[in-house]
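Participant: Assemble the whole structure, with the sequences as input and the hints as a guide.
Here the protein sequences come in this chain order: B and P.
Residue numbering for the first sequence follows full-length UniProt numbering, beginning at 1 and increasing consecutively.
Residue numbering for the second sequence follows full-length UniProt numbering, beginning at 1 and increasing consecutively.
Relax, there's no trap hidden among the hints.
Simulated restraints, written as ranges between beta carbons of each label pair:
no.	chain 1	residue 1	chain 2	residue 2	range
1	B	F240	P	G44	45 to 51 Å
2	P	T6	B	T21	25 to 31 Å
3	P	A38	B	A13	45 to 51 Å
4	B	L32	P	A87	27 to 33 Å
By construction, these hints were calculated from the structure, which means they are not laboratory data.
Ideal Cβ positions, reconstructed from N, Cα and C, are used throughout, including at glycine.
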Amino acid sequence: MAEDFEDIWAYLAESPLLGLTATLFAFLVAQLLWERIGRPPILHPVLMAMALLMAFLVMADIDYDTYFEGAQFIHFLLGPATVALAIPLFDQLHRIRRLLLPISVAVVVGSLSAALSAILVGAALGASYETLLSLAPKSVTSPIAMGITERLGGLPSLTAGLVLVTGALGCLMAPLIFRLLGIRDETAQGFALGLAAHGFGTAQAFGIGAAAGAFAGLALGLGGLVTAVFVPLLLPIMEFLFV
Amino acid sequence: MLYGITILLSFQLLGELLSRLLGLPLPGPVIGLALLFAVLIAFGRVPAGLRTAAEGLLRYLALLFVPAGVGLMVHYQRLEADAVAIAAALVVSTALALALTGLVFQWRRLHPRRNVDEEDG
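Facilitator: The structure is reproduced here in structure tokens:
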């Protein structure tokens, strides 16, 4: 009987079905837990699901590549989901047209400051070149950020993790920063949250109000596009400075 | 739904194709996003099937990050080695981006150079 179970387990541990099911299961459990403890931004369900899965893989002695055989079916959907960001962006078209100037200035300033300061601080404190490449797009929504890192030659899964931590940090720091600097305009708060803390920030902005949420979604999409255009242009400079 | 998924994947494919063919620095899905955005502006509205598919995917966007996020466990040693630099870079740049974006947006919106209509929310 015990032997049978070991055979079955050995088969299941290698099968894509386990990785796929475990991912969905961990996410649902994390979401449920998160609702129960009052939705704290720092313990986002994505972070909890990641922790649960890592613990499970370590305990079950399954390596990441085997897990990813199954999880890749979920991962693959990031591509079409990125393309799908065109729809909420299109829904904001009337706002974009009306506030073209503040939007474009804020997107460029915000995206540049996020990427440049991350690279400079990381480099000043001695981070490796690959880490710097993976840090550069961390303020951008994961599907776009991972695409950028892949193009740069960084580590997409490191970027994915850094993006998630950035989102949680942004939600945590935003109320304090807005209060200290007197950023009281709700659309400005939403825009800053979407730009600096992507999807996490957008969710928090919808808590401030519908307009704040809409501007956060707008900043998320536009910030992703501007960063995708701009960060690869930094590559030769970074190579020159840090390699 | 199927119709919408096909449109999304076609634009992604087109984006990948253009990205490789022209050697663009942009990832394929981002080019797909920009192309679809342009086509929607030209078309003037979002077809119902496309909206269903897009909203279905975006509702579960958070889930889609999980498999790659778990990959952090592979980078454990790198994270340990660069922990201070990474933590400082994340905190400083996130705070800076929040502050600058918020200030610039609020300032530009309240002091428009040209006559920009007020937002009605």
